[in-house]
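Participant: Chain C is fixed; fit chain B onto it per the hints.
There are 2 protein chains.
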Amino acid sequence: MEKKKIVIVGAGLCGTLLAIRMAQRGYEVSLHEKRSDMRKEDMAAGRSINLALSARGLMALDRVGLKEKVLEYCIPMHGRMIHTVTGETYLSPYSGRAEDYINSVSRGGLNCLLLDEAEKMENVKIHFNSACKTVDLKNAKATFKQANEWDVMDTGDILIGTDGAGSVVRRGMMSRTTELLFNYSQDFLRHGYKELSILPAENGGYRIEKNALHIWPRGSFMIIALPNMDGSFTLTMFHPYGGDAGFNTLNKEEVLTSFFEEYYPDLVPHIPHYIEEYMNNPVGTLGTIKCYPWQAFGKSLIMGDAAHAVVPFYGQGMNASFEDVRVFDDMLEEYGDSDWNLLFEKYQDARAENANAIADLAIDNFHEMQNKVNDPDFQKKRKLEMKLEQEHPEYYSKYSLVTFKPELSYAEAMKKGRNQDDKLLDIVSKVQDISELDSSKVLDQILN
Amino acid sequence: MEKKKIVIVGAGLCGTLLAIRMAQRGYEVSLHEKRSDMRKEDMAAGRSINLALSARGLMALDRVGLKEKVLEYCIPMHGRMIHTVTGETYLSPYSGRAEDYINSVSRGGLNCLLLDEAEKMENVKIHFNSACKTVDLKNAKATFKQANEWDVMDTGDILIGTDGAGSVVRRGMMSRTTELLFNYSQDFLRHGYKELSILPAENGGYRIEKNALHIWPRGSFMIIALPNMDGSFTLTMFHPYGGDAGFNTLNKEEVLTSFFEEYYPDLVPHIPHYIEEYMNNPVGTLGTIKCYPWQAFGKSLIMGDAAHAVVPFYGQGMNASFEDVRVFDDMLEEYGDSDWNLLFEKYQDARAENANAIADLAIDNFHEMQNKVNDPDFQKKRKLEMKLEQEHPEYYSKYSLVTFKPELSYAEAMKKGRNQDDKLLDIVSKVQDISELDSSKVLDQILN
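Chains C and B, in that order, are what the protein sequence lines are. Numbering of the first sequence is given in numbering that gives the first Met the number 0, commencing with residue 0 and proceeding in unit increments. Numbering of the second sequence is given in numbering that gives the first Met the number 0, commencing with residue 0 and proceeding in unit increments.
Incorrect hints may have been included.
Put simply, identical chains are the same to the list, so a pair is met inside one copy or across any two.
What the hints assert, rightly or not - With a straight-line cut-off of 27 Å between C-alpha atoms, the simulated DSS-like cross-links for lysine-lysine are:
1) 137 / 251
2) 132 / 144
3) 298 / 132
4) 2 / 119
5) 39 / 132
6) 386 / 209
7) 209 / 382
Rather than coming from a laboratory, the hints here were simulated on the basis of the structure.
Pulled out of the complex, with its shape left as it was, chain C reads as follows (with noise of 0.2 Å):
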């Protein structure tokens, strides 16, 4: 019998590491990518975006096969790093529990890898500079406009559209919407970002804490930093549009620098370059996309991004897309693929409520992470986590529950988290400090 075959669209994150765990299955994968090879591209080692990859991204790489590689690229972050206006700094730890951290890892070294793995498959054909342009979803099929060509086609027996927050496929979607009753919602934040960098220290080491998320919240606006392998951080401003702190008002030197100077004094003498960096990148948009249905006609349907971006504020954008190609791999199993369009079905009915729940706790984490994380309360409630954790290993703080338990649904993660953030804050308000509290009783409490 001839091999059942796959078009893939889109050979990022999600779309490459479903190439690759399809054609494991036994599927010939056909996988078109819009840009040119990124390995082929000289790109600046370290000055790379990164991301944070966490349980449910490493148990779906651990699905292919490629955790442990995967790993030997990550800088572990131990917990957030706050950084005061006064200069101060203090460790937030992400879990009491020793073995839960979170990853730094480089985007384009992570999908140069999966596409390396991916090429090493006999049933992946990869197209790069193949843009997708049309898509039959009926006949999952498509066109793609190619280096030196036009419109070429590719069919499948199915089609799957992994291309990303502004992906072609989705909008084939959205233009049969009273068929499909396709719902579409996008949603933008009144904040952009921007892109900066400490460079490595002259002896090559690291010039702030490796092992760290570091945070700089100043309740409206802030600016966050990852660690990259070679030394460098990719720092990433979070500021409104407009306003005092907004990207349209920062635009002159001046003002710039004494803005700087008054909101980030400890990062400014690791940055010296600073001003040429922030003229010369973008602002980009920070933006969610729900939509449903994801699929169509049993033939064609979306993954990651394309069916459901979110804000990067809980680290889980990656690990969602990620979690996507386990959950329609677990999927597979159970229901195999004579019927696409139950596969389909079960698929999305199992994970548009998670992917709902990602986003929103996504949007939850905007106002933590920049303003927050300085409340007293707030900080008095992680330290009472912290607690718990340790001396209960078996509890799981919502960030816990959504990061280091890949086990829960991100609906029931959300749920669960928010019920015990509700008890925890009514806990932590009646007390000056938490060693006060026994933690067993704590936790008779919450959990009941």
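Facilitator: This is chain B only, laid out in the frame that chain C set:
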């Protein structure tokens, strides 16, 4: 000084009313409509779709001096006539005040009347068969495909899109999504609608009560009927797509007739030709569209369904669009037109929360109409509200606040009305019969 020019895309109800008002203010108005001139089409009188016109719409019509003229073509509806499955009927009045009623009006007839008025004004030029293809939002410019030509261009000082739920002008804003931070959502109900009709009686009269909006509520589906001037009624079935009552299931004559005989027995004798109508008429979708911003670059604006399409269950779609024109006119009076950007910002900031409110209220009413009208507590609440409105004319129920009090915004009406409803439901749940209640005491409880 040369008159300023306004290009309006879409000569439906909202666009034509806007054209009239802007012309009255002295602007040069260029009004484009993709369809042909509906006044020249051979429309079967009385078979057209009808809509509910109420105080907000009338207030806007009054602004242009057309209220009395339009009322001549209206049929007052004093309440909901509920038809139970066993064939009983009872009237649930819309208000305890005799002067509060809504009006059934022909969409086509009203649109023709407005076109006639617009055409009389020498500073309005109407272009039929002129379909907007592209918009240049920054320059208030658009291209139109006309009958025998392509790409006719029209430019104004400003451009306003009143081109309905499928707005081309809004699509132009969507394509600048990151630049405008354009938030957008479309949300379809899993119900569709199909129109049927009750013909006039043989003597030309009405087969069922003329001055009511009829409802056959059946829990998860329903039929409604609005009267036409010629003695006919337009029926609208609101049914799910799938399931036993679904349009996809009711697709054979036997299935359909046994369904109608079971669920709509008192209606069947009035609609001898319904099977043919059912089989011939399409199923329409029911969607809510929300977006923000509504303006771009101080040059282009969207209004009416283009900015805020709602489901029809509050009878407020047309009224909200007419109110847009009235509020825009108020703003123009207050702020003038020397700074269009300021005017547009003021308009959208005043209006967007109200558009969201009526969208949400309409979804609530969908559940109320098909289901709650049969609920004993709901019926007791409505009776109590009638009593309150009769004995204390200063009291307005939620429905009355939304429908009969145009000086209150939709957002305020929703907030106040929901608050009242919570208290009323609590009060009626504790009594067997509302005659036990003293209306003055109830009023005290509700308003405090």
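Participant: Work down the list of hints and note, for each, if the structure agrees.
Facilitator: Hint-by-hint comparison with the structure:
Within a single copy, residue 137 and residue 251 get their C-alpha atoms only as close as 52 Å, which misses the 27 Å cut-off; across copies the closest is 26 Å, which meets it. Both within a single protomer and between protomers do residue 132 and residue 144 lie at most 27 Å apart by alpha-carbon distance, with minima of 7 Å and 25 Å respectively. In the homo-oligomer, the alpha carbons of residue 298 and residue 132 lie at most 27 Å apart inside one protomer (18 Å), although the nearest pairing across protomers, at 31 Å, exceeds that limit. Taking CA atoms no more than 27 Å apart as the test, residue 2 paired with residue 119 passes inside one copy only; the shortest distance there is 18 Å, against 70 Å between copies.
Proximity of residue 39 and residue 132 under a CA criterion of 27 Å is satisfied intra-copy only: 24 Å inside one chain copy versus 41 Å between copies. Taking the shortest alpha-carbon separations for residue 386 and residue 209, only the intra-copy value of 24 Å comes in at or below 27 Å, while the best inter-copy value is 72 Å. For a Cα distance limit of 27 Å, the shortest separation of residue 209 from residue 382 inside one copy, 22 Å, qualifies, whereas the shortest one across copies, 69 Å, does not.
Checked against the numbered hints above, the structure breaks none of them.
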